[in-house]
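For the protein sequence lines, the chains are P and W, in the order given.
For the first sequence, our numbering assigns the number 22 to the initial residue and increments by one for each residue that follows.
For the second sequence, our numbering assigns the number 95 to the initial residue and increments by one for each residue that follows.
Possibly wrong hints are sitting among the right ones.
[Stated by the list, open to error] Cβ pair distances, simulated, as ranges: (1) Ala368/P / Ser167/W: 29 to 37 Å; (2) Ile288/P / Glu305/W: 35 to 43 Å; (3) Gly160/W / Trp33/P: 39 to 47 Å; (4) Leu374/P / Ser167/W: 52 to 60 Å; (5) Ser134/W / Phe280/P: 35 to 43 Å; (6) Leu387/P / Ser119/W: 47 to 55 Å; (7) Ser169/W / Pro283/P: 55 to 63 Å; (8) Val37/P / Asp214/W: 49 to 57 Å; (9) Ile288/P / Ala277/W: 52 to 60 Å; (10) Val102/W / Pro283/P: 28 to 36 Å; (11) Ala277/W / Gly371/P: 57 to 65 Å.
[Unchecked claim] Going by beta-carbon spacing under 7 Å, a handful of chain W positions derived as facing chain P: (12) Cys98; (13) Ser152; (14) Gly154; (15) Tyr164; (16) Thr172; (17) Arg175; (18) Ala176; (19) His187; (20) Val189.
[To be verified] From the structure, some residues in chain P lie toward chain W, with a derived Cβ separation under 8 Å: (21) Arg30; (22) Glu197; (23) Gly199; (24) Gly317.
Source of the hints: derived by calculation from the structure; they are not laboratory data.
Small disclaimer: the values here were computed from a predicted structure and weren't measured.
The beta carbon of each residue, even a glycine, is placed where N, CA and C say it ideally should be.
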Amino acid sequence: MNLLPLLYRELWHRRVNAALAVVAIAGTVALLVAIRMLTGAAERETRRVMRDIGFNLRILPRDVDPDRFLTEGRSDKTMPADAVNRLAAAAGAFVSFNHLTPSLERLVQMGGRDAILTGLGSSVVGPGEKKQPMGFSIPEGKAFLGSTLALRLGVKAGSSIEVLGRSLEVERVLVESGSDDDVRLFTALVDAQKMLGLPGRISEIKAIDCLCLTADQDALGLLRKALSQALPEAQVLQLRGMADARARQRQAAERYSAFAVPLVLLIGAGWVGILAVLNVRERRSEIGLWRALGRGSFWIAGLVLGRAALLGGAGAALGYFLGTRLALSQGPQLYPMTAGGFVADPALLGWALLLAPGFAALASFLPAMLAVAHDPAETLRAD
Amino acid sequence: MLTCHTLVKTFAARSGKIVGLDGVSFELGRGEFLVIHGPSGSGKSTLLLTLGGMLRPSSGSLTLLGRDPYALSPSDRTRFRAESIGFVFQLFHLVPYLDVRQNILAGLPKKDPAEAERADALISELGLESRATEFPGTLSAGERQRVALARALVKRPALILADEPTGNLDPENAARVFQRLAAYRQAGGTVIVVTHGLDAAPHASRVLRLESGRIVPQPPAAHLL
């Protein structure tokens, strides 16, 4: 008799044991699928939160004096605007940096006092990424005004302002931030370059550090090394508090996954393994009989491992649907900022169908070896 | 057909070494019906499984159909056993999730239409037609043993080894089993039955007595029968 029909008949005969095994595997797969989807959502949410916190890297021309830059908050040195494209094109640049955003910044007089004119270019993200741009995307001829500056000038959205001989329409007045953004005039990079008479020049590239290493792991050393290879005419400053917060948040999420996934796998494997041992114990005389009837070790092992693989396939499918359902129903409440990102991932079903039978077979390996090594004389001897 | 010489089988136990077989020697010719009887614990099942290539002796030699089964590789021994020996056990050992016909066919090493026809003939001969699609759990003890007997007979082995085949049967069913084994012998097969009683003796060509793992002199036939 062929093994497969035999496996189906045995599963139906011992359906309670089989159902428990499917539940064990489905539970494991469901938890893993839900963890994977929720971890993905946590990462999305973390990225969103971190992105909203802002850039944590400032890439400056090499001849900027960091001492003076930090004292004054800006520098009058510039570098070519195509530096951002050269950095983006450098091999491995996006391993260390992302959301490369060129800007040009100068102090200007507005309403009789200093204001910060900031021209922002488009963000450049890693190849194949669909990240939303950091900061603002400002059309040419438009301006975003900090709240204090708007109050000083007595303008609101829709008003026109004159800056360095150029007329701009106020697109938005920003909410009060408590930072120097409140006295900032944001324009398109090209407008700022024209107003300042610095065509094709930028004063810095703002970016986000992708390494997510904390200060004790010398992230800055690695960033400087990467930048020196990609853009030798620049230097990098790291806003360490923000970078550390981002790194710690990300590492905490990774530690959670690193702990939860093996734990779930271990519990699932233990459960499936125990059920397989019980099944083999219950079938001792049957296994002895198959031996007596001339079945070899591979065939006997196939009886146990094939059963495990079939249960694994059923558990994988069921677990995928349960885990997806769980994540889709609970995830949006847990991660409301990125609730729209919760969608069923068919690739996870493929992985589950591929890995769960192997996982179940692995968990049943020891019972299978016990079955193979089992002395049939022990159960067949009536004397 | 079969020659065993000073077969010894010992088992390790907490209380020390247990001797299952203690120098068993005999010869068996083709077409014989040998009954080995003895009290419980005398080593009958141990001897039967040793002769069947399922329990390696601690020492001694065994030749079955011109070969020493224990000199064969495990896979060759498995094949040899499947092709040459049919087992019948006291506890039937039917596969619980296969029906009567499937249990009988499970005894076949390969799928063969001729043997499948023979299985149907045996079902009919042993009065199991109405039970052919039933599962072992619904059968009486006598029916189960007939299924086990059919499973052993279906592949027409050179040797049938039966371990207390009527231990759980009423006299009527027990007689039926022995009659079928005797018929098998008449057709040229060889049978060894181990049993604690002497119900099979009238069908036997030879009777041996086993006590404490040894073949002992047989009481006079009149006392046996």
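Against the structure, the hints come out as follows:
1. Ala368/P / Ser167/W: 29 to 37 Å: 46 Å, violated
2. Ile288/P / Glu305/W: 35 to 43 Å: Given a distance of about 54 Å, which is not inside 35 to 43 Å, the answer is violated.
3. Gly160/W / Trp33/P: 39 to 47 Å: Holds, at about 44 Å.
4. Leu374/P / Ser167/W: 52 to 60 Å: Distance hint for Leu374/P, Ser167/W is violated at roughly 38 Å.
5. Ser134/W / Phe280/P: 35 to 43 Å: At 58 Å between Cβs, range violated.
6. Leu387/P / Ser119/W: 47 to 55 Å: About 41 Å separates the Cβ atoms of Leu387/P and Ser119/W, which means 47 to 55 Å is violated.
7. Ser169/W / Pro283/P: 55 to 63 Å: At roughly 38 Å between Cβ atoms, Pro283/P and Ser169/W fall outside 55 to 63 Å, so the hint is violated.
8. Val37/P / Asp214/W: 49 to 57 Å: Between Val37/P and Asp214/W, where Cβ atoms are some 34 Å apart, the hint is violated.
9. Ile288/P / Ala277/W: 52 to 60 Å: 58 Å, holds
10. Val102/W / Pro283/P: 28 to 36 Å: 51 Å, violated
11. Ala277/W / Gly371/P: 57 to 65 Å: 59 Å, holds
12. Cys98: 16 Å, violated
13. Ser152: 13 Å, violated
14. Gly154: 16 Å, violated
15. Tyr164: Violated. Min distance 13 Å.
16. Thr172: Holds - the Cβ of Thr172/W comes within 7 Å of chain P, reaching about 5 Å at its closest.
17. Arg175: 5 Å, holds
18. Ala176: Holds: closest Cβ of chain P sits about 2 Å from Ala176/W, inside 7 Å.
19. His187: 4 Å, holds
20. Val189: 6 Å, holds
21. Arg30: Holds, because the Cβ-Cβ distance from Arg30/P to chain W comes to roughly 4 Å (cut-off 8 Å).
22. Glu197: With a closest approach of 76 Å, the Glu197/P hint is violated.
23. Gly199: 74 Å, violated
24. Gly317: 5 Å, holds
When held up to the earlier numbered hints, the structure conflicts with 1, 2, 4, 5, 6, 7, 8, 10, 12, 13, 14, 15, 22, 23 and fits the remainder.
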